[in-house]
Amino acid sequence: MQDRKTGFTLIELLVVIAIIAILAAILFPVFAQA
Numbered sequence: 017m018q019d020r021k022t023g024f025t026l027i028e029l030l031v032v033i034a035i036i037a038i039l040a041a042i043l044f045p046v047f048a049q050a
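Read left to right, the sequence shown gives residues 17 to 50 (the working numbering).
Think of the hints as simulated: they come from the structure by calculation, not from any bench. Some hints here could point you the wrong way.
Said to hold, decoys possible - Computed beta-carbon distance windows for the label pairs:
id : residue 1 : residue 2 : range
1  : 24        : 44        : 24 to 32 Å
2  : 49        : 23        : 22 to 30 Å
3  : 49        : 25        : 36 to 44 Å
4  : 23        : 50        : 24 to 32 Å
5  : 50        : 25        : 19 to 27 Å
Even for Gly, the Cβ is constructed at its ideal location relative to N, Cα and C.
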């Protein structure tokens, strides 16, 4: 369990990318209209 601190697993990386993509999709129209 020591390797938990070093680097992300592929699944964690995909989850982070998915969250960023969803946030970008929600926020982009707001900034585009402003």
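So, against the hints stated earlier in the document, which numbers end up violated here? 2, 4 and 5
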